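From first to last, the protein sequence lines stand for chains A and B. Using this note's numbering, you'd call the opening residue of the first sequence number 19 and step up by one each time. Using this note's numbering, you'd call the opening residue of the second sequence number 19 and step up by one each time.
Quick caveat, the hints were computed from the structure, so don't treat them as lab data. Be a bit skeptical, because a hint or two may be false.
Just so you know, same-sequence chains aren't split out, so a pair can sit in one copy or run between any two.
Unchecked claim - Computed list of lysine to any residue pairs in SDA-like fashion (alpha-carbon distance at most 20 angstroms, straight line):
(1) K146 / R241
(2) K21 / G286
(3) K146 / L292
(4) K40 / G129
(5) K40 / I20
(6) K40 / R59
(7) K21 / D303
(8) K146 / R304
(9) K146 / D303
(10) K146 / P263
(11) K146 / N296
(12) K40 / E188
(13) K146 / G290
(14) K21 / L44
(15) K40 / R234
(16) K146 / C305
(17) K146 / R69
(18) K146 / R297
(19) K146 / Y306
(20) K40 / E289
Computed from a predicted structure; not experimentally measured.
There are 2 protein chains.
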Amino acid sequence: MIKRLTIIGVGLIGGSLARAVKRAGLCEEIVGGGRDVAQLRRAVELGVVDRYDTDIARAVHDADMVVLAVPLGAMELVLRALAGQVRPDTIITDVGSAKTSVVVAARNVFGEVPANFVPGHPIAGTEKNGVEASFAELFQGRRVILTPLPHTDTHALTQVRLLWRATGAEITEMGVEHHDEVLAATSHLPHILAYALVDTLVRMDTGMDNSDEIFRFAAGGFRDFTRIVASDPVMWRDICLANRPAIITLLERFRSDLDALTASIRVGDSEGILAVFNRAKAARDRCYQKKEDNDSGAK
Amino acid sequence: MIKRLTIIGVGLIGGSLARAVKRAGLCEEIVGGGRDVAQLRRAVELGVVDRYDTDIARAVHDADMVVLAVPLGAMELVLRALAGQVRPDTIITDVGSAKTSVVVAARNVFGEVPANFVPGHPIAGTEKNGVEASFAELFQGRRVILTPLPHTDTHALTQVRLLWRATGAEITEMGVEHHDEVLAATSHLPHILAYALVDTLVRMDTGMDNSDEIFRFAAGGFRDFTRIVASDPVMWRDICLANRPAIITLLERFRSDLDALTASIRVGDSEGILAVFNRAKAARDRCYQKKEDNDSGAK
């Protein structure tokens, strides 16, 4: 049981966490913090949080746990605002999509990452933003990755696990750098490619009547891409900056693979093209088959 | 009313067309043709076609209309097999995802594209293949692009329009080359990028436990990509080869845009990154807003 939970940033993620935790009866009081008064007021109206304070120091006062659900670019600022304002035993965690940058932010503010700070990342979201779009089931069956450091306090880790367990999420632990590599691959690179593709297409002139034409004739493939680019550009800009090294490594690798595939298409190397397509489909089928097997075998 | 309709290739597309046309009561008899006996037998068992013949000449005998629903790589072969076997007034159409290559195949076989040949392309499909996956509603509300040539017979065009109208599709006409440019943008490039991305990720070693890890932690973005690569690799290989010029032009443009974006991320050019993401999202939101307005305004 958490007596006072403060969530800084009550948008889609922060708001959904508040709803889920409230429904699970895990907290006595949930306080919202942040800069967006309209958003925070709406959060109180919707019953997502019990009260709010735009002053970070007051919002985190006497909190048992503080969740940072702000954009990656704002993490250091918020940590600086709450430093010295929380109790020594207050547990802090975050929901940032990149973890190295959050750890670095904590080091910049505290000298070392506090033992009570548990970096975390729920792999969940929709293309909508804001508390209005939040819902208690957002994390149900989704994964939450926690990236504790060697000196992270065990009790703090357990409490953050309990928090996420209450949302119905499945919790995994891994190293900070490993997290950033995995997420660069599974989430950041796909988003970057989707944004780049849509931008390439809308800016070009192929003699189409207008750029709307590419949307009008969007087939299955492109429709999936355009759904991805409905996400918040600022959040994704922040992610690109925060997880730069892992993303750049992957972009370079992808570029060289794409160059090879382009060369195969250019010279009509039927076998070379098919090899790439077959490998991709085989890996996908293998993994989803396994997933289905696991799911059906789960009790 | 078509007395005898022959569909060469009774898979997902050919089978769904047969089902839709049969349900609409547009044909007296539907004949299946092709090489895959098991598939054709199953098509008869399922009531998708009335009978089949693996001999193309016999399958198209006395047909009023012939639909080529075979992979792009097989179009010329099939056209060659039916040349001289159809009546002079038999209408021929196809469902290939690229149109220049089909027109070239027809020229190779007949010297000039016959006036009764109407190149077409239904923009519909699922990631499943085969007659077993076919269903009458596949084309309902989807677009079918017809690319008649200047000398295409008006009556033939009208009949092919009626065929697709019966499936519930919305029919658009455009030039052969324009079709290939639009589809390279809206369908072919997205598929190629998705295959390339998944292949890059499964082949790399980022210290992940194994390549399955990227699927286990697949967030929204990547999940959409992996759905795309469930498509048939051979069909997509054929499309890459058939629509090479338009695809290569786009791949080159995309590569240069991606290089610029990569450079922005590398140097931390916040404005540069955001400009790309904002343009993409704005175009997407604009077009889908318009679509919703149109849809809600439609009677």
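Hint numbers contradicted by this structure: 2, 4, 7, 10, 13, 15, 17 and 20
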